[in-house]
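Visitor: Here's the letter readout for the chains.
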Amino acid sequence: MEVSFVIDLLGTVAFAISGVLTAFKKRMDVFGIFIIAFVTALGGGTLRDILIQAPIVWMRDLTFVYVIAGASVFALLFRKKLGYLRRSLFLFDTIGIALYTVIGVEKGLAADLPALICIALGTMTACFGGVIRDILCNEIPIIFRKEIYATACVMGGVVYFILLKTSLSTDVVVILSGAVVITIRLLAVYFKWSLPNIYSKDELNS
Amino acid sequence: MEVSFVIDLLGTVAFAISGVLTAFKKRMDVFGIFIIAFVTALGGGTLRDILIQAPIVWMRDLTFVYVIAGASVFALLFRKKLGYLRRSLFLFDTIGIALYTVIGVEKGLAADLPALICIALGTMTACFGGVIRDILCNEIPIIFRKEIYATACVMGGVVYFILLKTSLSTDVVVILSGAVVITIRLLAVYFKWSLPNIYSKDELNS
Amino acid sequence: MEVSFVIDLLGTVAFAISGVLTAFKKRMDVFGIFIIAFVTALGGGTLRDILIQAPIVWMRDLTFVYVIAGASVFALLFRKKLGYLRRSLFLFDTIGIALYTVIGVEKGLAADLPALICIALGTMTACFGGVIRDILCNEIPIIFRKEIYATACVMGGVVYFILLKTSLSTDVVVILSGAVVITIRLLAVYFKWSLPNIYSKDELNS
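Protein chains in written order, with the UniProt record's numbering: chain F, 1 to 206; chain D, 1 to 206; chain R, 1 to 206.
Errors might be hidden in some of the hints.
Since the list can't tell identical chains apart, any single copy or any two copies may satisfy a pair.
Subject to a maximum C-alpha distance of 16 Å in a straight line, what follows is the list of computed EDC-like cross-link-like pairs (lysine to aspartate or glutamate) [unchecked claim]:
hint: 1; residue 1: 25; residue 2: 202
hint: 2; residue 1: 26; residue 2: 112
hint: 3; residue 1: 192; residue 2: 8
hint: 4; residue 1: 192; residue 2: 112
hint: 5; residue 1: 192; residue 2: 106
hint: 6; residue 1: 26; residue 2: 139
hint: 7; residue 1: 165; residue 2: 106
hint: 8; residue 1: 80; residue 2: 202
hint: 9; residue 1: 26; residue 2: 171
hint: 10; residue 1: 165; residue 2: 61
hint: 11; residue 1: 26; residue 2: 106
hint: 12; residue 1: 25; residue 2: 8
hint: 13; residue 1: 201; residue 2: 139
hint: 14; residue 1: 26; residue 2: 202
hint: 15; residue 1: 80; residue 2: 139
hint: 16; residue 1: 25; residue 2: 171
hint: 17; residue 1: 25; residue 2: 61
hint: 18; residue 1: 201; residue 2: 106
Hints in this document: simulated from the structure, not taken from any laboratory.
From a predicted model like this one, the values you see are computed outputs, not experimental measurements.
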């Protein structure tokens with residue numbers, strides 16, 4: 001539990017920093033930057049909890065709020081040096097979506113929902129903070145246009161339910177399906193995978 | 001019940017296909033296209049259920065999820081031929097908003113809400129999937145700018161409550177108020193009705 | 001109670017009118033204009049009630065719906081003369097955010113939430129109607145970019161909790177913290193205060 005909590009916090013930090021950097025590019029003021037950081041880090045889980053009508057954790061346990069505030073201040077102060085951090089940020093973010101995916105799947109299971117919906121909830125937890133960030137910044141959400149990102153979460157969720165039918169313990173299922181998310185994401189970026197292009201030459205030129 | 005269920009599915013199909021076509025124009029990838037299809041078909045009803053704090057049906061009954069997935073694959077494969085289908089799509093969509101309006105009104109009644117709010121919930125069920133679709137695609141929602149569309153739903157809702165005060169059976173009320181939505185929408189498109197222009201020449205040129 | 005109710009209505013009127021004027025600039029039709037007016041006036045409180053899983057008041061008590069509809073019709077009819085009203089509108093709006101902030105803080109307290117979250121809920125109640133308005137109008141939300149606005153609400157919320165630890169009665173706490181919001185907002189506009197610029201010359205030119 002403790003290790004996963006630390007990793008969860010690192011994921012939150014990465015999401016918050018990605019929010020700060022996006023808001024910064026849009027020349028938002030300090031208030032706007034903080035809001036975007038919070039929304040990026042907590043938006044996906046909040047939407048999930050609204051949909052499954054579960055209590056929203058960050059409203060009662062302030063740990064994540066403090067962590068996001070700290071990460072945002074850090075990102076603002078050291079924004080010029082964050083270029084060097086890009087690789088570690090990417091790793092945190094990847095670990096973050098893996099853990100958020102598993103958390104979302106398990107929240108769905110706890111609410112007794114079908115596997116397909118649990119996988120959707122896991123993907124939503126991992127990806128929709130970024131979607132809300134992009135909407136608030138007046139952009140078409142990046143995950144709708146680029147890269148294997150949500151797809152890695154979906155795959156992790158699918159693997160979770162396949163492994164659940166084996167005799168493996170829940171801990172092992174969690175670790176393995178999280179590892180699937182991380183592996184697919186890393187391979188996708190390394191080999192520049194993307195979803196198959198569905199547009200013909202004519203369509204792309206029109 | 002069975003006929004209305006089939007029509008409801010046809011409406012869902014039409015909404016999903018309209019989502020696919022919008023996402024396609026924005027050059028989204030396959031993942032983005034599916035998300036937009038789901039959101040267009042289920043977003044209005046989901047927002048309604050969040051507002052009235054009712055359980056969200058598609059999270060427990062997967063029929064609609066499968067139908068939307070199927071319709072999306074169909075729309076992607078046959079997108080070049082959908083031009084021929086435009087008229088039937090328009091009909092499905094019109095039947096869809098009629099049925100979604102009545103469903104929304106009845107959900108509001110079941111939650112014991114005032115007539116005005118029930119009519120708003122009906123209109124929301126029919127129209128807000130499209131609003132969320134347009135926001136995700138970074139457009140000003142089309143129903144805020146063009147055509148009699150939401151207005152047909154509002155009218156259908158008003159007729160529902162007028163007829164409810166008569167001695168007609170609920171079935172007849174449902175059919176007649178749905179027919180009002182369909183008729184107004186068809187007439188509006190045929191005669192190119194739009195809401196009265198409120199902008200003076202000067203304002204439109206400024 | 002009665003005075004605060006009247007001021008609350010004046011705030012709602014100001015928010016509704018600001019929605020109408022924004023939608024009008026976007027050349028929306030009458031339906032779109034009404035929706036934007038409602039969303040601007042009720043969006044913040046609705047989001048708050050969804051987050052704290054409280055019942056949504058305007059769905060059962062129609063007073064505010066009627067007031068918003070009336071204010072919208074008024075704003076549309078007299079839009080050419082609203083320039084003269086700009087100062088009173090600004091005052092209503094300022095009183096409105098003060099009262100909405102206090103209402104939001106108190107709803108959070110009633111739900112037994114931590115002070116930090118209560119302050120966030122107060123700010124959300126006052127500001128997020130405007131955020132949703134800007135998203136629907138396809139703009140980057142104005143409060144993320146300009147002016148002391150949300151900051152005044154945050155300050156009012158902080159003062160509320162500081163005063164709560166004194167022996168002052170709740171009524172006095174409410175009035176004083178509302179006055180803080182109003183005073184900061186008025187001073188900020190008068191002296192053209194803004195949040196400290198965090199962008200270097202290079203960054204602003206890039």
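Visitor: Could you place residue 25 and residue 8 in one of the four classes (within, between, both, neither) given a Cα distance threshold of 16 Å?
Guide: Neither. Shortest intra-copy (26 Å) and inter-copy (37 Å) distances fail the 16 Å Cα cut-off.
Visitor: Checking residue 192 and residue 8: alpha-carbon separation at most 16 Å within a copy, between copies, both or neither?
Guide: neither (26 Å within a copy, 42 Å between copies)
Visitor: Indicate which option fits the pair residue 26, residue 112 if close means a Cα-Cα distance not exceeding 16 Å: within, between, both or neither.
Guide: neither (41 Å within a copy, 36 Å between copies)
Visitor: Between the shortest in-copy and the shortest cross-copy C-alpha distance, which are at most 16 Å for residue 26 and residue 106: within, between, both, or neither?
Guide: neither (35 Å within a copy, 34 Å between copies)
Visitor: Is it within, between, both, or neither for residue 80 and residue 139, if the alpha carbons may be no more than 16 Å apart?
Guide: The answer is neither: 24 Å in one copy and 28 Å across copies each exceed 16 Å.
Visitor: Given identical chains, is residue 25 near residue 171, meaning Cα to Cα at most 16 Å, within a copy, between copies, both, or neither?
Guide: neither (40 Å within a copy, 43 Å between copies)
Visitor: How do residue 192 and residue 106 come out at 16 Å by Cα distance, when the copy is not named: within, between, both, or neither?
Guide: neither (30 Å within a copy, 50 Å between copies)
Visitor: Is the C-alpha distance from residue 25 to residue 202 at most 16 Å within one copy, between copies, in both cases, or in neither?
Guide: The answer is between: 13 Å across copies meets 16 Å, while 33 Å in one copy does not.
Visitor: Is the C-alpha distance from residue 201 to residue 106 at most 16 Å within one copy, between copies, in both cases, or in neither?
Guide: Neither: 42 Å inside a chain and 48 Å across chains, both beyond 16 Å.
Visitor: Given a CA cutoff of 16 Å, do residue 26 and residue 171 count as a within-copy pair, a between-copy pair, both, or neither?
Guide: neither (41 Å within a copy, 41 Å between copies)
Visitor: Under a CA distance limit of 16 Å, which applies to residue 80 and residue 202: within one copy, between copies, both, or neither?
Guide: Between copies only: 12 Å across chains, 42 Å inside a chain, cut-off 16 Å.
Visitor: Could you place residue 192 and residue 112 in one of the four classes (within, between, both, neither) given a Cα distance threshold of 16 Å?
Guide: neither (37 Å within a copy, 49 Å between copies)
Of the numbered hints stated above, those contradicted by the structure are hints 2, 3, 4, 5, 9, 10, 11, 12, 13, 15, 16, 17, 18, listed in ascending order.
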